[in-house]
Amino acid sequence: MVSFEFLGMMAVAIVTLASLIGVVFKCYKPIEKLNISIVQLNSNIEMLLRSSNTHDKRLNAHSSKIDEINQKLWEHAGALDTHNARIKQLEHERERGDI
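Under the working numbering, the letters of the sequence shown match residues 37 to 135, in that order.
Don't read these hints as lab results, they were simulated from the structure.
Fair warning: there could be bad hints in the mix.
[Claimed, not checked] Simulated DEER-style distance windows between Cβ atoms:
#1 Ile81 - Glu41: 57 to 63 Å
#2 Leu95 - Glu127: 42 to 48 Å
#3 Met45 - Val75: 41 to 47 Å
The C-beta atom is built at its ideal place from N, Cα and C for all residues, glycine as well.
Based on the provided sequences and hints, a complete structural model is requested.
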């Protein structure tokens, strides 16, 4: 009888150990998937940050170029206004016969 009790207890121990291993594996697998997803998310965020930095640098370069172009445009507009005033003055003098 003692040997049957031992075999019964051994069977229960083996089943319990196998169940414990199954539970650990079922808990480990989702955690491993979560870790993989987190690593992928981190790499995607890093890539987006690098891309954003590149876009920021390009945007700043374009903004400074636009500022330069606007400055030149204002200078040319001022020169054009001066030329228009001179032309009007010359036309006015020509109409009066001063020239």
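Okay, the hints, checked on the actual structure:
The supplied range of 57 to 63 Å is met by Ile81 and Glu41, whose beta-carbon atoms lie about 60 Å from each other. In this structure, Leu95 and Glu127 meet the distance hint of 42 to 48 Å, their C-beta atoms being roughly 46 Å apart. The hinted range of 41 to 47 Å is satisfied by Met45 and Val75, whose Cβ atoms lie roughly 44 Å apart.
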